[in-house]
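Visitor: Keeping the supplied structure of chain A fixed, place chain B upon it in accordance with the hints.
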Amino acid sequence: NRFQLEMQTVTLIPGDGIGPEISSAVMKIFETAKAPIRWEERNVTAIKGPGGRWMIPPDAKESMDKSKIGLKGPLKTPIAAGHPSMNLLLRKTFDLYANVRPCISIEGYKTPYTDVNLVTIRENTEGEYSGIEHVIVDGVVQSIKLITEDASRRIAEYAFEYARNNQRNSVTAVHKANIMRMSDGLFLRKCREVAENYKDIKFTEMYLDTVCLNMVQDPTQFDVLVMPNLYGDILSDLCAGLIGGLGVTPSGNIGANGVAIFESVHGTAPDIAGLDLANPTALLLSAVMMLRHMGLHDYGNKIQTACFDTIRDKKVLTKDLGGNSKCSEFTADICRRIQDLD
Amino acid sequence: MTARSVRSLSGALKPLFSNRCPGVYGAASCNQRQKSTYTPPPARYGGRHTVTLIPGDGIGPELGNHVRELFRFCCVPVDFEVVNVDSSVASEDDINNAIMAIRRNGVALKGNIETNHNLPPSYKSRNNLLRTTLDLYANVMHCQSLPGVRTRHRNIDIMIIRENTEGEYSSLEHENVPGVVECLKIITKTKSLRIADYAFRTARAKGRRRVTAVHKANIMKLGDGLFLECCKEVASGYPEITFDSMIVDNTTMQLVSRPQQFDLMVMPNLYGNVVSNVCAGLVGGPGLVPGANYGEDYAVFETGTRNTGKSIANRNTANPTAMLLASCLLLDHLKLHAYASMIRRAILSTVSETRLHTADLGGQGSTSEVVQSIMNAVQSTGPQTLSI
Chain A
1 NRFQLEMQTV TLIPGDGIGP EISSAVMKIF ETAKAPIRWE ERNVTAIKGP
51 GGRWMIPPDA KESMDKSKIG LKGPLKTPIA AGHPSMNLLL RKTFDLYANV
101 RPCISIEGYK TPYTDVNLVT IRENTEGEYS GIEHVIVDGV VQSIKLITED
151 ASRRIAEYAF EYARNNQRNS VTAVHKANIM RMSDGLFLRK CREVAENYKD
201 IKFTEMYLDT VCLNMVQDPT QFDVLVMPNL YGDILSDLCA GLIGGLGVTP
251 SGNIGANGVA IFESVHGTAP DIAGLDLANP TALLLSAVMM LRHMGLHDYG
301 NKIQTACFDT IRDKKVLTKD LGGNSKCSEF TADICRRIQD LD
Chain B
343 MTARSVRSLS GALKPLFSNR CPGVYGAASC NQRQKSTYTP PPARYGGRHT
393 VTLIPGDGIG PELGNHVREL FRFCCVPVDF EVVNVDSSVA SEDDINNAIM
443 AIRRNGVALK GNIETNHNLP PSYKSRNNLL RTTLDLYANV MHCQSLPGVR
493 TRHRNIDIMI IRENTEGEYS SLEHENVPGV VECLKIITKT KSLRIADYAF
543 RTARAKGRRR VTAVHKANIM KLGDGLFLEC CKEVASGYPE ITFDSMIVDN
593 TTMQLVSRPQ QFDLMVMPNL YGNVVSNVCA GLVGGPGLVP GANYGEDYAV
643 FETGTRNTGK SIANRNTANP TAMLLASCLL LDHLKLHAYA SMIRRAILST
693 VSETRLHTAD LGGQGSTSEV VQSIMNAVQS TGPQTLSI
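These protein sequences, in sequence, are chains A and B. Residue numbers for the first sequence follow my numbering, so the first one is 1 and each next one is one higher. Residue numbers for the second sequence follow my numbering, so the first one is 343 and each next one is one higher.
FYI, nobody ran anything at the bench for these hints, they're computed from the structure. Some clues are possibly wrong.
[Unchecked claim] In silico BS3-like links for lysine-lysine, alpha-carbon gap of 25 Å or less:
#1 Lys314/A x Lys76/A
#2 Lys202/A x Lys652/B
#3 Lys48/A x Lys563/B
#4 Lys92/A x Lys563/B
#5 Lys652/B x Lys76/A
#6 Lys28/A x Lys326/A
None of the values given here were measured: they were computed from a predicted structure.
Same shape as in the complex, but just chain A (with noise of 0.2 Å):
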C-alpha cells in the first residue's frame, strides 16, 4: 500500500565518465516511477586514512552503513595512483562476498542467443584472486588459490538462498576437482553440506569445462550457477556475452551485515562522456535487481518492462544498441511507457 511505504534511503554513488549522467537518467526514471527511493549521493575516492591505509572516504562508509543499500555507477581505475581500484576497497570494506549477475536474454536486442535465463553467483573475497603470489627462484612463480571452509559455505547458503526467494528450481556447482582435488574438493563438499538444508532445489555439480561447453551450445539448461572466484568471472562474463554485453547486463554484490551493492559493470566510456550518448540500461537493470532485493517487486517490474518494451520498440536506441538516439531520449521513452503503465 502506497502510503504505508515510507521512503527508504539509498546511497548513490554516480561515479567516473559515464556515470554521473547514466545515474541521473536513473533517478529520472525512479522519480517518474514515485518509487519509494531516497537517494544520498556519495563520492568514493580513495583517501589515506590516520593508520596510512588506503580507505574510502568516512561520509561514504557512514551512508552505506546506515542504508545498507547501494547503487553504483563506473569507476575508474587509475593505473600509478598508488593505491588499489575502487571496486576492491569497496568490497574489502564491506566485505561483499557473493558477486550476482543474472543474465536474461533482452528480447528486442538480438544476439545469437535466446531465452537465455540463468544466474551466476561468484564468491568475490578468495579464490584465485588472493593476490598472493612469490617468486621463488628466478623465472618460478607461484600463485596461490586459497579456498576456505567459511567462505565456500557463505556463497553456498547465499546462492540457495537466492534461489528460493526467486523462484529459482535448481543450483549447480561449477569446480575443477578432478585437478584440484583439495581446493574445489573442499568447495563442492560445503555446497553438498548446505543442499542437504534445502531439499526443495535441486543440486548437481559440473566440471567447469563441461559448463563452458554446454553453455555456447545450449544455455537453456543452466539457472543458478554457483562457483569460486576465477571460473566465477570468467562464467559471468561468458554469460554476459551471451545476452549482449556490459553494457546491458546488471549486477549486485552482496555482503555481510545485510549490506548489498548493486553496479553497472561496464566501463566508464570516457570518450563519450558528457555527451548524452550513453546507455543507462546496465545501471537501471541493476537498480531494479536492488528494488527486487528491498522487496519492491511491483515497481521493478514496471520499470523493468518500460525499459524492455523501450529496446523492442526499436525507436530510440542509443548508439551501442543499434541506433542514434540521445540518452536523454532513451531515457524520456522510458518514463513514458511507464506513466502510461500507470
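Guide: Coordinates of chain B only, in the frame set by chain A:
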C-alpha cells in the same frame, strides 16, 4: 647391440626388479616415471608403425575399435598396441605401463580416463599424470566451422595452443590450517618461453597472421605477467606475425559474440581449458574437434575436449568424428600423409550429410552408420587406395 638398445633393455627390466621387492625399492615407482633423457627411435619395422592405444573409459573403447576397424579397411600400415588403464584401482601400475608403452612407440591414441573426484588427493588424475610425465607440453586444438554442421556462428577458424604441464594443474595443494586450503599455480619462465616458441613456430608454419595471448595479468601480476612477458619476448623474433593479448574474461565474451576475430591463441593451462571448450562448443560440440598433445619426443592424440561420455557409452550414439580426425592427425604425425588426407576427406564428406548426424548434432544417426559411410566414401575414391 647398440648402446641405445642396451639402455632401453635396462629400462624395460627396471619394472621387473621393482615389482619383485616392493619394500626395498619403495622409490622405484617414482624412478619409473622419471623423464627419459634419450630420443626414442621410431617404432617402425618393415614399413609398419606401432602405435599405443589406450581405450580409456566411457565411449573411449568403442571409438578406439572404430579407429582400428577403419584403419584395417584402409590398409593403413599401423598396428595398435592396446594398453588398458583401469581407473577404479588405486595402484598406478596401469598408467605406468601405458607411459612405458608410449615411450616405446613414441605415439599414442587415447580415450579419456575417468577421474573420480571424490577420492582423496593421493589418487591423481591419470590423464594429467600421463601428460606431465611424458612432458607433452603443447596441447593443440584446431576449431573450424564444418560445412553441413549448423551453428550460431559461421566462418570460425581458431587454433588454440595451450600449455599442458604446469599452471593450475600442478596438483600442489595443502591444508596448513584446518578449513583453509591452498592450491599452488606455478608459472615458470622456461615453460612459458617453450610454449610461446611452439605457438609462434606453428603460426609461421601454418601461415597464421595473428597470435593472441590470453591471460589475467591485471590480477595475477607476477604469474600471468611472467607468461605475457615470455610471449612478448618470443614475438619480437617473428616480425611478420601480429601479437596482441587479451584478458580471459573479455576473451570469452568476444568469443560468443564475434569469434571470427581470433586466429591463433596461446595461453596457460586453465584458461586453455575454458577457451578450448568454448571454441569446441561454438563449432558444433565435443564430437567434432580432435586434439593433439605434443612433446619433445612423444605425441598423444585424443578428442579435443577430453570427455568420457559415460552417459552415452555403448549405445552406438557417440559421434566418432573427433576420434577419427584425431587418428588422421596421428597419421600426419607418422608422415603417412596420403592415408591421412584420404580418410580426412571421407570424414568431412560424411559430416556434411545431415541425415547421418549423430544425436549431439541434432540427428538420429548411429556411430556405426557414420563409420560405414566413411568407409564407403574411402572405397569410392577407388584407385587411390590401390596406388598406396
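Visitor: Next step is simple, just say for each hint if it's right about the structure.
Guide: The hints, checked one at a time:
Restraint check for Lys314/A and Lys76/A: the C-alpha separation of about 31 Å exceeds 25 Å, so the hint is violated. For the proposed pair Lys202/A and Lys652/B, the alpha carbon gap of about 21 Å is at most 25 Å, so the pair holds. With a C-alpha separation of about 24 Å, the suggested pair Lys48/A and Lys563/B falls inside the 25 Å cut-off, and the hint holds. At roughly 19 Å between alpha-carbon atoms, Lys92/A and Lys563/B fall within 25 Å of each other, so this suggested pair holds.
A threshold of 25 Å between alpha carbons decides the hint, and for Lys652/B with Lys76/A the separation of about 48 Å lies outside it, so the pair is violated. For the suggested pair Lys28/A and Lys326/A, the alpha carbons sit about 15 Å apart, so the restraint of at most 25 Å is met.
In summary, the numbered hints that this structure violates are 1 and 5.
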